[in-house]
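Protein chains: 2
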Amino acid sequence: MRRKKASMKEIAEAAGVSVATVSRVINDNGRFSEETRQKVLRIIKEMDYRTNIVAKSLRTNISNSIGVIVPDITNEFFASIVLAIEEYCFPYGYSVLICNTNEDKEKEKMYIKDLLAKGIDGVIYISDYPIEEGDLNIPIVCVDRNPHNRNDLAVIESDNYRGGYLAGEELVKAGCKQMVVLKDYRNISVVINRMKGYYDALSKYNVNINEDLVINIEVNFDKAVEAVLKLVEEKISFDGIFATSDMMALGALTALKRSKIKVPKQVKIVGYDDISLIRHSYPAITSVRQNKDELGKCAAEVLLNMIDNGKVDQKHYVIPVSLIKREST
Amino acid sequence: MRRKKASMKEIAEAAGVSVATVSRVINDNGRFSEETRQKVLRIIKEMDYRTNIVAKSLRTNISNSIGVIVPDITNEFFASIVLAIEEYCFPYGYSVLICNTNEDKEKEKMYIKDLLAKGIDGVIYISDYPIEEGDLNIPIVCVDRNPHNRNDLAVIESDNYRGGYLAGEELVKAGCKQMVVLKDYRNISVVINRMKGYYDALSKYNVNINEDLVINIEVNFDKAVEAVLKLVEEKISFDGIFATSDMMALGALTALKRSKIKVPKQVKIVGYDDISLIRHSYPAITSVRQNKDELGKCAAEVLLNMIDNGKVDQKHYVIPVSLIKREST
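Residue numbers (the numbering used here), protein chains in the order written: chain Y, 1 to 329; chain P, 1 to 329.
Hint data in this document are derived by calculation from the structure and do not stem from the laboratory. Keep in mind the model is a prediction, meaning the values are calculated, not measured. Check the hints yourself; a few may be wrong.
Since the list gives no way to pick one copy over another, a pair counts as held whenever it fits inside one copy or between any two copies.
[To be verified] Calculated pairs, DSBU-like style, for lysine-lysine (alpha carbon to alpha carbon, straight line, at most 35 angstroms):
id : residue 1 : residue 2
1  : 297       : 262
2  : 173       : 257
3  : 262       : 109
4  : 262       : 39
5  : 257       : 109
6  : 262       : 173
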């Protein structure tokens, strides 16, 4: 079991009373003077704790729960990270409360408010929105995003640059000359770094980059089907596809099959994430594996340490990726 | 917005003070006599509310959050139900706190304890364990399970009998005579009802039931691969497979492909759940679709009504299923 939070002890010290007395005041069991009660409550206010959080965490000594904000629980990539977080936390006696925001900023705000009101000890964010809430004075760890407006939180991310590089290198080595990129349209660090790595691989192997073939779309199976069918209809020639997520790679494969274009013979595909869907597709799709287990474990470990120590030990953690070669290249 | 809970009002009435006074006592903002404070706190205790729940729910007038206990968040079937719950609840201002138990009874207990301590308004259970906790005096809705030891909760389930019947009928009509069943080994209502429907379909069409070909395994891709490879090795002849979950159907398909047995030409397959994996497999697998969206929506609606009205309106809801025919039959 981890070391407990010092909050009750800190309050007791500041108020010049025993921890037991602080506990009695909070639990209102009567064995203390009104003067003591007033003093303890004043100290709690001075120390800027929300009363309900203190009331709760003092009663149990620690709230022993963390919140996870996740954009889409039905996406296996996110669900696997959450599972790893949950498995890491359970032996330490921590509950993990998962909140699915469906990428809705309003929902995210509601959940943060609710989690704070429930006195959680820390939050793991898996989301693309910058954190605006200024008053989150609990430990925060961000997974798979890199907010610019805070320097009091830890960031855990995959080696996206390396992942993009590996994808580009794989297509080039498989003989591709004219590559389409199905690119997440959002201008977020994750995507920017993947593209940087991808371009660097092409440059290194002296393969031309055709910006016209970089197609910005929503990360979505149907949008990818649509985009690739359009390329085929317009008779644009290409021999490789890099999709910045596996759901798009799967959409590309479906569109090519529908157009009677052979994979990998005529067009090669590399996806990203390594979700189980693409292992069972036909042909199975080559993909950049993000280590979902390690992303989740690392996030949970860093957060619990921050909760214990009240500070961020290291700000940035990069988790290695690998290329899983299958039948599509 | 839904009708709010009456707790603060009830306490005010019982204590003979105004609601504002109750609120002031709870929030400890000082504008009340010590006598009033003692009275309000006594009433709260008499009314048998847990202090922390009252402290919280009185402050906001309602906790406005529910918990969902889910066995495996990475299983798309469960994740989709949770998503539907979350989407139903958001417009009513309810937070949905998701707890993943990994089918671990200890985790489930910890989460229940934690959710209660956080003052949630109700719980949706998606789990196979009977509810043992006797003191859950908040509304409960069970999805996809049917506990025998409680009559104060609502049950939402798929029409599992009909699903099993449709699966059996589909295999028979496709010409199968010797069918293997990959059956969830657990003796739970969901599985019992599917098997009952399946047997009734076979009886109706006068097809023999071979109990030796009913294989009890864990619901798991690898276990299904293993089981089917074993049948092939032992040269047991069969021309159809009914898998009581899609993950097992997918495992069966993989084993048959590995053994160079053609689907659907030599062996036909029907799965259960209709998860997206089996739509993208090759060949795509015929499956009994459970209406995950409707299961989640119905559970959320019933729970919010119970929270509003403090009682169960109807005890049992059955959601229709349908057969989605694809290339494996």
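Checking residue 257 and residue 109: alpha-carbon separation at most 35 angstroms within a copy, between copies, both or neither? Neither, since 42 angstroms and 48 angstroms both go past 35 angstroms.
At 35 angstroms max between alpha carbons, let me know whether residue 297 reaches residue 262 within a copy, between copies, both or neither. neither (39 angstroms within a copy, 41 angstroms between copies)
Tell me, please, which holds for residue 173 and residue 257 at an alpha-carbon limit of 35 angstroms: within, between, both or neither? Classified as both; 23 angstroms inside a copy, 29 angstroms across copies.
Pop the pair residue 262 and residue 39 into one bin, within, between, both or neither, using alpha-carbon distances up to 35 angstroms. neither (77 angstroms within a copy, 79 angstroms between copies)
One pair to classify: residue 262 and residue 173, alpha carbons no more than 35 angstroms apart. Within, between, both, or neither? both (18 angstroms within a copy, 34 angstroms between copies)
For the identical chains here, do residue 262 and residue 109 meet the 35 angstroms Cα criterion within one copy, between copies, both, or neither? Neither: 46 angstroms inside a copy, 52 angstroms across copies.
Of the numbered hints given earlier, the model fails hints 1, 3, 4 and 5; all others are met.
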